[in-house]
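Undergrad: Sequence:
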Amino acid sequence: MDRFSRLDYAFYSQPTLIVATALLGKQLVKTEEDGSILSGLITEVESYIGTEDLACHARNGPTKRNQVMFGPAGRSYVYLTYGIHWMLNIVTEKDGFPAAVLIRGVNPVDGIQVMKQRRESNQKELSDGPAKLTQAFGINRDWNNINLCDPKSDIYLNDLGHQTPVFAKSPRIGINRTPEPWLSKLWNFKII
DNA sequence: GCAATGATACAG
DNA sequence: TGTATCATTGCT
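According to the numbering used here, the first sequence is numbered sequentially starting from 389.
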């Protein structure tokens with residue numbers, strides 16, 4: 389009865405653009421302390437690739453904040469932006485090459501009542517933004533550098549066996565001061 | 001259009 | 001040690 393499978397190290401180690409597109413339609417799962425499950429299907433992702441990508445946090449080399457991006461694939465990279473909002477990324481590529489996929493939106497499936505309480509909002513706006521979904525799922529600094537491939541981790545991604553949905557490619561959001569050609573890279577993928 | 005809100009990065 | 005910036009959101 390195990391038609392669902394946790395995405396593994398081999399999957400996350402692929403080139404970032406491959407992983408990013410493949411993550412569309414995958415299931416983000418988080419187990420709460422009380423054992424209840426939160427989940428949602430990924431609808432939008434964004435790619436940040438290497439030290440040359442001037443929009444990527446790794447552009448100036450490793451720092452205390454971004455060091456997890458330089459480590460092995462399949463780890464979570466969670467950071468605070470604008471002093472308020474937590475962002476959830478998944479590290480990709482070979483150990484030593486800094487890259488990650490930002491999860492920008494999910495469609496809620498399990499634990500919707502919990503999400504509504506945390507968001508104090510209706511379902512339409514529960515998790516359709518990178519900081520909305522971390523709030524709905526209760527993801528913060530404690531969830532940085534989690535190994536999603538570890539069968540014991542209480543946050544992970546599930547392959548439901550679906551085909552990759554039809555999606556649009558766009559420039560990345562919110563990186564307006566990034567110089568070209570990085571500003572215009574079509575590295576945002578969103579289900580149509 | 002813009003305030004909220006704090007960690008980070010880098011200059012000096 | 002000071003400060004400009006920030007992979008956003010929600011309210012005016």
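There may be inaccurate statements among the hints.
As the list claims (entries may be wrong) - In silico lysine to any residue, SDA-like type, Cα no more than 20 Å apart, as pairs:
1. Lys-504 to Gly-484
2. Lys-520 to Leu-412
3. Lys-520 to Lys-452
4. Lys-557 to Pro-569
5. Lys-578 to Asn-535
6. Lys-540 to Ala-398
7. Lys-557 to Ala-410
8. Lys-557 to Pro-403
9. Lys-540 to Pro-403
10. Lys-452 to Leu-429
11. Lys-504 to Asn-528
12. Lys-573 to Ser-393
13. Lys-482 to Leu-468
14. Lys-520 to Val-466
15. Lys-578 to Lys-540
16. Lys-520 to Asn-576
17. Lys-482 to Lys-504
18. Lys-573 to Phe-555
19. Lys-578 to Val-497
20. Lys-452 to Gly-423
21. Lys-557 to Asn-495
22. Lys-504 to His-473
23. Lys-573 to Ala-410
24. Lys-482 to Lys-557
25. Lys-520 to Lys-573
26. Lys-482 to Asn-528
27. Lys-520 to Glu-440
28. Lys-540 to Gly-423
29. Lys-482 to Asn-532
30. Lys-573 to Arg-447
31. Lys-504 to Gly-449
32. Lys-482 to Val-554
33. Lys-557 to Asn-532
34. Lys-452 to Lys-557
35. Lys-482 to Glu-440
36. Lys-452 to Ser-427
37. Lys-578 to Asn-532
38. Lys-540 to Phe-555
Simulated from the structure, these hints should not be mistaken for laboratory data.
Undergrad: Against this structure, judge whether each hint is valid.
TA: Hints and how they fare:
1. Lys-504 to Gly-484: Violated, because 39 Å separates the two Cα atoms, which is more than 20 Å.
2. Lys-520 to Leu-412: Since the Cα atoms of Lys-520 and Leu-412 sit roughly 18 Å apart, the hinted pair holds (cutoff 20 Å).
3. Lys-520 to Lys-452: Roughly 25 Å between the alpha carbons, so the hint for Lys-520 and Lys-452 is violated.
4. Lys-557 to Pro-569: It holds: about 16 Å lies between the C-alpha atoms, which stays within 20 Å.
5. Lys-578 to Asn-535: At roughly 25 Å apart (the allowed maximum being 20 Å), Asn-535 and Lys-578 break the hint.
6. Lys-540 to Ala-398: holds, 18 Å
7. Lys-557 to Ala-410: holds, 13 Å
8. Lys-557 to Pro-403: holds, 17 Å
9. Lys-540 to Pro-403: The given pair, whose Cα atoms are some 26 Å apart, is violated under the 20 Å limit.
10. Lys-452 to Leu-429: Answer violated: Lys-452 to Leu-429 is near 31 Å, above 20 Å.
11. Lys-504 to Asn-528: Measuring from Cα to Cα gives roughly 17 Å; hence the hint holds.
12. Lys-573 to Ser-393: violated, 32 Å
13. Lys-482 to Leu-468: violated, 25 Å
14. Lys-520 to Val-466: Within the cut-off at roughly 14 Å; holds.
15. Lys-578 to Lys-540: violated, 30 Å
16. Lys-520 to Asn-576: holds, 17 Å
17. Lys-482 to Lys-504: Roughly 37 Å between the alpha carbons, so the hint for Lys-482 and Lys-504 is violated.
18. Lys-573 to Phe-555: holds, 16 Å
19. Lys-578 to Val-497: Cα-Cα ~18 Å, so holds.
20. Lys-452 to Gly-423: The given pair, whose Cα atoms are some 32 Å apart, is violated under the 20 Å limit.
21. Lys-557 to Asn-495: Holds - the C-alpha atoms of Asn-495 and Lys-557 are around 19 Å apart, at most 20 Å.
22. Lys-504 to His-473: holds, 17 Å
23. Lys-573 to Ala-410: holds, 18 Å
24. Lys-482 to Lys-557: Roughly 24 Å between the alpha carbons, so the hint for Lys-482 and Lys-557 is violated.
25. Lys-520 to Lys-573: At roughly 24 Å apart (the allowed maximum being 20 Å), Lys-573 and Lys-520 break the hint.
26. Lys-482 to Asn-528: Roughly 25 Å separates the two Cα atoms, so the pair is violated.
27. Lys-520 to Glu-440: With a Cα-Cα distance of about 29 Å, the restraint between Lys-520 and Glu-440 is violated, given a limit of 20 Å.
28. Lys-540 to Gly-423: With a Cα-Cα distance of about 13 Å, the restraint between Lys-540 and Gly-423 holds, given a limit of 20 Å.
29. Lys-482 to Asn-532: holds, 19 Å
30. Lys-573 to Arg-447: holds, 16 Å
31. Lys-504 to Gly-449: Violated. Lys-504 to Gly-449 sits at ~39 Å, over the 20 Å cutoff.
32. Lys-482 to Val-554: Given that 20 Å is the threshold and the Cα spacing comes to 28 Å, the pair is violated.
33. Lys-557 to Asn-532: Since the Cα atoms of Lys-557 and Asn-532 sit roughly 27 Å apart, the hinted pair is violated (cutoff 20 Å).
34. Lys-452 to Lys-557: violated, 31 Å
35. Lys-482 to Glu-440: holds, 16 Å
36. Lys-452 to Ser-427: violated, 30 Å
37. Lys-578 to Asn-532: Violated - the C-alpha atoms of Asn-532 and Lys-578 are around 24 Å apart, more than 20 Å.
38. Lys-540 to Phe-555: violated, 32 Å
Checked against the numbered hints listed earlier, the structure breaks hints 1, 3, 5, 9, 10, 12, 13, 15, 17, 20, 24, 25, 26, 27, 31, 32, 33, 34, 36, 37, 38; every other hint is satisfied.
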